[in-house]
Amino acid sequence: MAYYRQVGEVPPTRHTQHRTPEGGLYYEELMGEEGFSSDSSLLYHRNIPSAIVDARPWQVPDQARTPNAPLVPRHLKLHGLFGEEWKSADPVTGRRLVLGNDDVRIGYVAAGQPSELYRNAIGDECVYVESGRATVETVFGALEVGEGDYVILPRATTHRWIPEGGEPLRAYAIEANSHIAPPKRYLSRYGQFLEHAPYCERDLRGPGDPLLAEGTDVDVLIKHRGSGPGGVAGTRYTYPAHPFDVVGWDGCLYPYVFNVADYQPITGRVHQPPPVHQVFEAHNFVVCNFVPRKVDYHPLSIPVPYYHSNVDSDEVMFYCGGDYEARKGSGIGQGSVSLHPGGHSHGPQPGAYEASVGAESFDELAVMVDTFRPLELGEGGQAAEDPGYAWTWAGGRRPQ
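Everything in the sequence shown is counted per the UniProt record's numbering, starting at 1 for the first residue and increasing by one.
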C-alpha cells in the first residue's frame, strides 16, 4: 500500500550520509517487499542492524494440524481455551493454533504478560483485538491498540506486545505466508484509496515517535520457515545492542492499525455477497468483516444470507460482538468460530431465514477469513470444538 510516512530524522537524499551529532554515521536499512520491486521503507539505525552475537533454537508453540475429516462444519468456542492461564500468558508465545493450511495460520490468545521481542519472518500478521488494551512497540515506533483494532505487522517487523489495564488482552491472530494489504479493487494504480472503498488513509493509525531503547545482549524470537510441523521453525537471536535504535524512517512499508468501527459497510436493495465486506487480502485468502449496518431494503428482501456452497473456499467466521442473526439457535456466541468447509452447503440456522423478514438493521460484528485451500484443525481448534454443531440444521439429530 503506497501511503508515504516520515517519522524522526532522515537525510534529504536517500542512500547518502546521515551523521550523528558526534559526527559518526547512522546505518541505513532498506526493508522492502518482493525483492526491491514493491513497497519499502528506509530505517536509520544507531547500530549495525545485522549484528548478532548468538543464535539458538526456539521451540515455537504447537503448529501441528489435523485434517477436517470427515468433512463437517465445525463450531469452536475460543473463550474456553483460556481460564486463569491468561495471567501468565503473553500475546505471542501464548497463541494457540486454531486452524491453518500452507497459506495462513489462525490463532487465539488471552494474555496478561508482555511478550518478548518477536519477528515473524514467514509472512505478515493481521491481529484483531477482541478486547483489552495494549501497546505494540515496534522498530518503527509504538502503536496504542484496543478493542476492535486490526493490527497489521509487515513480515520481519521486530516488535513486542505489552498488555495494559489488568484485564486479558484477547486477540485473534491471522498469520499469512504472504503479505496482507487492502483489496486492490479499492486502490488506484498509484495506491490511493478510491471513492468506493469502505475505508481510507484517514482511518489508518501509524507508529508514533521513534523508540530509542538501550540494552545489550537483547534476545529476539524469530519465527521462520523450517522442517517443523506446518513448515514452521523458531530461532532465538541475541543482538549486541537493542534493535529499537532507529532515529528516523520513511517510506510506504510499516505497521499500522485500523479500527473496525471505521469500516463503512456497503449495503444494497437485496442481499449483498460477501466480497462487499472485504477489508484485506493476501495470497490464497481474504479477510472480511461484518459490522452493524442497515440491511436490504427491497420490499420482499430476506436480509440474512441465502444458502450457499463454498465451491472454492473454506469460510471461517469469528464472532466478536453483537447478535448474529443467521446463527441464532446454533450455540454460537461471543468468542465463537465457525468453519464451513468447501463442499458443504451452509446458511442460516432453522427459523432464522423466516425471522429476518422485515428487519431493518443488524447489530453484529464478525471477522471472516475465506481460504482457497482446505483448512486443518490446530491443537487449539480441537480443544475448543462443540461436537454437536454439524447437526444443528437438522434439529440436533445425528443419524445413528
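What the hints contain is simulated information worked out from the structure, not anything from laboratory work.
Warning: the hint list may mix true and false statements.
Pairs of lysine to aspartate or glutamate residues, derived as EDC-like cross-links and limited to a Cα-Cα distance of at most 16 Å, are as follows [said to hold, decoys possible]:
#1 Lys328 <-> Glu364
#2 Lys77 <-> Glu379
#3 Lys184 <-> Glu167
#4 Lys294 <-> Glu360
#5 Lys328 <-> Glu379
Consistency of the hints with the structure:
1. Lys328 <-> Glu364: 12 Å, holds
2. Lys77 <-> Glu379: 13 Å, holds
3. Lys184 <-> Glu167: Since the Cα atoms of Lys184 and Glu167 sit roughly 37 Å apart, the hinted pair is violated (cutoff 16 Å).
4. Lys294 <-> Glu360: Distance ~6 Å between Lys294 and Glu360 Cα, so the pair holds.
5. Lys328 <-> Glu379: 27 Å, violated
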